[in-house]
Amino acid sequence: MEPLKERVKELLEKGEIGGFLGYRGDLPYLFTRAEELDGLAVSPRRYPLPQILAKLQGLYPEGRFGLLVRGCDERSLIELIKNNKIQSERVVPLGVACDQELAERCGCERPYPTEVLLGEKVEGKEGWELLERLEAMDEEERFRFWMSQFAKCIKCYGCRNICPQCFCDTCALEEEDLIAGGTIPPEMPAFHLVRAFHMAGRCVDCGLCEEACPAGIPLRTLYKEVRRAVKDLFGYEPGLSVEEKEPFGYLGDGRYEVPERLK
Amino acid sequence: MPNLYIVRVMCSGRVSPHFIIKAFQRGADGVLVAGCEIGDCHYGKGNYLVKKRVAMMKDLLRFLGINPKRLRVELMAASEADRFVKVATEFTEEIKELGPSPLRGAQGA
Chain A
187 MEPLKERVKE
197 LLEKGEIGGF
207 LGYRGDLPYL
217 FTRAEELDGL
227 AVSPRRYPLP
237 QILAKLQGLY
247 PEGRFGLLVR
257 GCDERSLIEL
267 IKNNKIQSER
277 VVPLGVACDQ
287 ELAERCGCER
297 PYPTEVLLGE
307 KVEGKEGWEL
317 LERLEAMDEE
327 ERFRFWMSQF
337 AKCIKCYGCR
347 NICPQCFCDT
357 CALEEEDLIA
367 GGTIPPEMPA
377 FHLVRAFHMA
387 GRCVDCGLCE
397 EACPAGIPLR
407 TLYKEVRRAV
417 KDLFGYEPGL
427 SVEEKEPFGY
437 LGDGRYEVPE
447 RLK
Chain B
570 MPNLYIVRVM
580 CSGRVSPHFI
590 IKAFQRGADG
600 VLVAGCEIGD
610 CHYGKGNYLV
620 KKRVAMMKDL
630 LRFLGINPKR
640 LRVELMAASE
650 ADRFVKVATE
660 FTEEIKELGP
670 SPLRGAQGA
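Just so you know, the sequences run in chain order A and B. Residues 187 to 449 (the working numbering) make up the first sequence, in order. Residues 570 to 678 (the working numbering) make up the second sequence, in order.
Derived from the structure by calculation, the hints contain no laboratory data. The C-beta atom is built at its ideal place from N, Cα and C for all residues, glycine as well. Be aware that one or more of the hints could be misleading.
[Said to hold, decoys possible] BS3-like mimics (lysine-lysine), calculated; alpha carbons at most 27 angstroms apart, straight line:
1) B:K591 <-> A:K341
2) A:K417 <-> B:K638
3) B:K655 <-> B:K591
4) B:K655 <-> A:K417
[Unchecked claim] Examples of chain A residues toward chain B, derived with CB under 8 angstroms:
5) G201
6) L304
7) E325
8) F329
9) W332
10) A358
11) P375
12) A382
13) F383
14) A386
15) E411
16) F434
17) V444
Based on the provided sequences and hints, a complete structural model is requested.
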């Protein structure tokens, strides 16, 4: 913890940041005074810190903040900067690498940020088993699989609320003309299909949605397919660089043809 | 009963993925998105955008076990009535072969 605490202390004392968003115990906490830093922890529980930071920047339009970033947080941060939800000049990311245990539990391919201040980089292993099993099924079987999964949905909006990439002011999922209100499960597959489409070019595979889902719907596998398709169709992978343009938001000269091999 | 319902929009770029999802949820057996030829968009790049969206949506449908052939985008000029008729007829035939959508009788249909 020491290198991280030292760095945060230094930033706070020099007045370079007004606060540091990290964890105290298992919960997110905004450290604003050096004396509080004894409580700074890197909890194995994860929260969408960049999403909280976006709100903080909105609340304090002049404020500059330090942010604890794991590999997944960094990818989220990059996407939020790209979508103008976070101003990059007002955030100082401090990188933490996840330990082997967490990396494996999350099935994370890249459990570390670009610059690591704390911890050792370990190699993760991404879980593709369910996706491969689904791809091996025939159409009808796959349809039955997803419908039985979506039937478990209690429309708690947990997947949306925890998602670091869900930042719209008004949410399509609450639009009753699109998703009829008052029914559980919500319209299948419309509810989850809308969310899946919205994840195109955004999802950074942090896996928080699946962790949050009380019904145990394999959401991450659904969005993994979204990520795979976006990569195949548009050669784009969210969360890698601030410069690279997102395929749906940016048209460039506009020309687009489905790659021949995918037709 | 007609087998083609026309929903008119100002530009194919106006066809939000939500419209496509809603149509399938309501029990449509197929969705045909017709737009202007590339380069002819009055609004600039609406038809480029819809091509990307449809490509993405087709993959999602496939992954959820709905035949992606049920969704098609065709670009043609407003004056090509015969082409529209041909495309619509072909598409209708193709959908007939595929049979009713698995979402028929689903919620909201």
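Exercise for the section: Taking the numbered hints from earlier one at a time, note which ones the structure violates and give those numbers from smallest to largest. Expected result: 4, 5, 6
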